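Residue numbers (the numbering used here), protein chains in the order written: chain A, 1 to 552; chain B, 1001 to 1316; chain C, 2001 to 2316.
Honestly, the hints are just simulated from the structure, not real lab data. There's no promise every hint is true.
[What the hints assert, rightly or not] Heads up, incomplete: computed chain B residues facing chain C, CB under 7 Å, no partners named:
(1) SER1251
(2) PHE1255
(3) GLY1289
(4) PHE1293
(5) ILE1297
Because the structure is a prediction, the values reported are computed rather than measured. The C-beta atom is built at its ideal place from N, Cα and C for all residues, glycine as well.
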Amino acid sequence: MVTRLVGLLCALVLVLAGLGSALAAELRIGITQFPSTLNPLIDSMLAKSYVLAMTRRPLTAYDQDWRLICMLCTELPTIENGLAVPEALADGKQGIAVTYQIHPGARWGDGKPVTSADVVFTWEVGRHPKTGVSDFEAFRRILSIEVIDDKTFTLHLDRITFDFAATGLEILPAHIERPIFEADPATYRNRTAFDTDPANPGLAFGPYKVVEMVSGSHIVLARNDTWWGAKPAFDKITVRVIENTAALEANLLSGAIDMIAGELGVTIDQALAFEKRHGGRYDITYKPGLIYEHLDLNLDNPILADKRVRKALILALDREALSQRLFAGRQPVADSSVSPLDWVHDPETPTYGFDPEAARALLDDAGWTRIENGIRHNAAGERLTLELMTTAGNRSRELVEQVLQSMWREVGIETRIRNEPARVFFGETVAKRKFTGAAMFAWLSSPESVPRTTLRSDQVPSAENAWSGQNYTGFRNPEMDDLIDRIEVELDRAKRKVLWARLQRLYVEELPVIPLYWRANAYVLPKWLSGLRPTGHQGTTTLWIEEWRDSR
Amino acid sequence: MSERPPYQLAATAELAEGPPRSLGALLWRRFLEHRGAVASLIVLVLLGLLALAAPLAEMALGLDATRVDLFSLKLPPSAAHPLGTDELGRDLLLRLLYGGQVSLSVGLAAALCAAVIGTAIGLLAGYYGGWLDGLLMRLTDGVIALPLLPLLIVLAAIDLTKLGLPEDWATSENVSLYRIVILISLVGWTTVARLVRGAALTLKAREFVRAAEALGASHARIMLVHILPNAVSPIIVATTLSVGNIILLESVLSFLGLGIQPPIPSWGNMLTGAQELIWDAPALALYPGLLIFATVIAFNFLGDGLQDALDPRAVK
Amino acid sequence: MLTYVAQRLIESALVLLIMSFVVYGLIGLMPGDPIDIMVSSDPNMTPQDAARLRALYGLDRPIVERYLNWLGAALQGDFGFSRLHARPVLEVLLPRLGNTVLLMGLSFLLAFALALPAGVYAALRPRGAGDTAINLFAFAGISLPPFWLAILLIILFAVVLGWLPAGGMAPGGAGLGVQVQYLVLPIATLTLATIGGILRFVRAATMEALRQDYVRTARAKGLSERQVVFGHVLRNAMIPVVTILALNFGALFSGALITETMFGYLGMGKAIYDAILGNDFNLALIGLLLATLTTLLANLAADLCYTWLDPRITYR
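Here chain A stands alone, though its shape is the one from the complex:
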């Protein structure tokens, strides 16, 4: 009995020691979400983008300096270099023909080259009405594809926009997926090899390929030998999913993972607290991104329809103190929907400071003069009360919400907080404009993203349009509509910048939305890891995984 116990203990010690030596040339990344599928066309999800960026590359993408670059193609098409040619369409509108060449070295992990046929197949899947692809619109905009040779093809797009080359087109391997798709397009999403056979090397052409996937737990990636670019530093990458952020942190400290991805990692306050205790052992990088935390105001509410009240709402908020005190300044105050990191941002746009006196004066002016128990009333005896909603269980938002409530009470505005689980909040309350006051959430966008769906007057969700569009505030402004339409088709950068400046000015003047702050990602990295550059936009750091270096 005793010997057996000793034997067991010895085995345990050996196992523990074995863990230490297995570390070489492996990188273990912790993230908080497991991708529901690895098929690039089905369900858009950050966790999926994070993993796929290591196994494959989109045609084009924005780099860390927010410039559009080629990833899978060889030369970025522009009007100047002749690869993009405007053309008249059958219905008299203007379209554009954009020609790409796939990198000559691009081969799937099983050795088959990545070809124009793969692009055509992807397009067929994407525009098939039964596949259940979520981003149908992007494929619908491609009218036809002209195959020039194995590596060259031309996309005929149905409209000219300035960002015609900003296609995140992800390519499917026709040699594997075509038979599966053609067997029955309606159930393709349930039978795709990305889920049924994720470790098939033929699904990857990037620096890594998936070798093991345990749903809900982890994905193991190994170097892909067919990759044409720089050789990545790590032999093996394990992406481990731990949804609870406290447990994620504990896993990092106990050495079960090496780093926490900023894209899907710990919250800012957790990172700040972590830095205080363990800052010396890790590199902690904060990068404010294109995640715009704001309050959507329901402009159909008579109280909020009054611009003076909206201005009073923002003037009563000490957003600088909020950013400094709650987030140590790591999540900077937002002044409009355009990020200061974006080249179209206009620094001349007026901003709102903290001025409770001005807020009070505006509220008096708007008729909310009679104060009872600290709450303002108007001549008709109505209370100045608003409902403030956000996603329940999101701690940062819940804290900010209570700060806003307290600040607004100082100027006599009453707020009632009512939060809902995310699926209810986004799926019903916001999507169907059921919030009566303010809804707090974030927009994720890409560089120079035109706010068509959020600000144009024809994008207000209603029963008539089956609740599509994201103009949840109900903002209707002819000048804004006009600016949006013109920015989209203006190919000249200088002229576009002028239009953008006017859009920002109008946004701040009309204030359909109260800007709060730019959310930041916190990357917790080991000291020996270098070369990881946060982008600040939707492109994940793993798009440049081959630049990461191991100095152990």
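Place chains B and C on chain A using the hints.
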């Protein structure tokens, strides 16, 4: 004489040596012998009084429990803030007291509602018997078999306005509070129902019930006047024990983001909120955790003591 | 005996059928269908796209029709696809059911193995120092918020001491030693959370059994205390314990949910929770039904245990 509760017989036998006393006094004496229960009762009464005194404490300290102060976050204890401040600069002591009001009243209210439902169902099933008994007991089995927590998650996400509840009520800030009380009572009545049914089954065969029936008492009267008072002790014990469990359940629901929503404080959501700050400001997690622990353990001891006092067969 | 089992199984199937409708309806009452969520997260989606997807997933039909369709398919063994995991529901659930059964089974056995001797010991010497200590431990166990306990254990054993992994599943192909390492903390948490309750039942049941006449008779016959306890008391004490444990099987599921969430353990509870919040209809439904089925079967097993424990009971 025939209406004498069963335990009185035992009690009288026990009292043979001592001077005659009232039943209440006797039970009280038996209760006092359980030191843990007495200490628990004191702790609970104290906690209850403190929670009720929250507005007084607020006045005494000259503070506003809901006022956020961004420039005094997570302060250590001081004269102005006896326990320091929380992550939004509010006085921690006051938040704990108000949180106590919420947690304790949710626990008590849900336990009472559950006891009422359980008693009604148990009485009906036990007294009438037959197909009604079969039906109600299958219902009880069904509810017991339900996996409680996942179900609560479903119930917590239900759109109340879809159930035809008034918009005004469904959107008030307190709705998370009512929701929890209702949800817990809807699934928490089963223990009491089984206990009461058992008691009713035995009691209805007793001569004092037969006598009442013979005298033409209505079914309702027999159930409420003759059977219920004799089944009261298991109800009290079960309800006391369930208060603690409900407070614990509330903290678990808060952990899952489905409990009482801020800005209303409860010990459960305070503890959950402090989870991430455990290194930064351990006091924020320590106090609500300790209070939950102390309250639940006290309710358990109290229930234990009551059981000993009310159960004539308890060993000494 | 066989007819009894058959009858119980048919009853269970009926309960399951009713449950499936109740759960289907409840999930239907939750606001926001999967397409609503897609529409709100994808700015480019047009009304036509939404309608097309809704028809594709069959969400445009009335709920009763959808239920009947689902039931028809389910009876033929087709439980549908999980939306979140993009694979057949059973393919997702069965390995997780295995994980949960492993977690629950081991902690249950451990808790039972520890609680049984401790509870009997406490009952044999009521109010002694050992009884008080055991009681206190039992109460403490049932009074700690479970997620709090999990955090404390993670901090102590994974972070401060670094002995055990903080959570997650053992990597594929890992040896038994590693697998055990990953199981220690979750099992410890669940065991500590359940042991208190079992201890209390064992203690109460043993005390009850000690009071019976046959114990007195056995003692009078001059049997040793050991023979009395093992020969008579234990066997009879187990009857109520088994009932209560079977009834509490559902609660164990809820405890497993918290433990699984805290440790990132891939089990059923977590899968159901995610499915409900992530609007994965098929997965949530089948998960809840599997959990209910497990509880029903546990109850049946408990009833059959009686015949073994108490030969006086027979089932016809």
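Now for the hints, and whether the structure bears them out:
1. SER1251: It holds, given that the least Cβ distance between B/SER1251 and chain C is near 5 Å, below 7 Å.
2. PHE1255: holds, 5 Å
3. GLY1289: Since chain C brings a Cβ to about 5 Å from B/GLY1289, closer than 7 Å, the hint holds.
4. PHE1293: holds, 5 Å
5. ILE1297: The hint holds - B/ILE1297 has a Cβ within 7 Å of chain C, the shortest such distance being about 4 Å.
Every hint, counting from the list given before, is met by this structure.
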